[in-house]
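Modelling step: build the complete structure from the supplied sequences, incorporating the hints.
Residues -36 to -1, 1 to 169 in mature numbering (1 follows the signal peptide of the UniProt record, and there is no 0) are what the sequence shown spells out, letter by letter.
By construction, these hints were calculated from the structure, which means they are not laboratory data. Computed from a predicted model, the values in this text were never measured in an experiment. The beta-carbon is built from N, C-alpha and C at its ideal position, and this holds for glycine as well.
FRET-style restraints, in silico, Cβ to Cβ:
id, residue 1, residue 2, range
1, L88, V53, 14 to 24 Å
2, L88, R66, 34 to 44 Å
3, R66, D9, 20 to 30 Å
Taking lysine-lysine pairs in the DSBU-like style, the calculated list, with each CA pair at most 35 Å apart, reads:
id, residue 1, residue 2
4, K33, K17
5, K17, K75
6, K33, K75
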Amino acid sequence: MKYQPSRFLRTRPVRRLAASLSAALVLGALLPPAAAMEVGGVRFDDAARLGGKELPLNGTGLRQVFVLKGYAAGLYLPERARNATLALVTPGPKRLQIRPLREVESASFVKALNTGLRENHSELQLRQLSDRVSQLERTMAQIGPAHRGDIINFDFTPDGGTAITLNGIPRGQAIHGEDFYQAVLRIFLGEHPVDRNLKRGLLGG
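Written out as structure tokens, the structure reads:
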């Protein structure tokens, strides 16, 4: 007996729906999986695992002075944020990844961090952060010069504070306080960021 589709399946809306579903399935099969993002010749994973959670890559960007590219950076957040305020206050683990594109002396990096802190915080805030900023300076001095190919992570977890790793190896002691990590992020995402194009990139712009 020759198969005859039911009257329901022969109706025009259902045929259109079936065609749309078929096209979506075919397209889904053809699309590649989410790929890592490349910027400045280095690749950032599309997600990072931290504090028991998977953090999607929020955005990437380049720190550039005139024609010199200093480093690429990637920001991982629990949920994607397209404005700085949301990125700062979103609860949960976060990762700021720095990828040097040339050799960077730790003293130069610390100087840039301190400049960014001063330009985005009041005197009262800086006094409240001073001991922890000194701890950060000691950690960066311990790391020494950073080279192209290195991966520096500034990781925050609610229970552990801010941890810094170089190529997966922890350096220094964790720095307590979510306010400190927010202060670090303001260097890149604040009202006076170290690089406005970098800020735009980290926010997915």
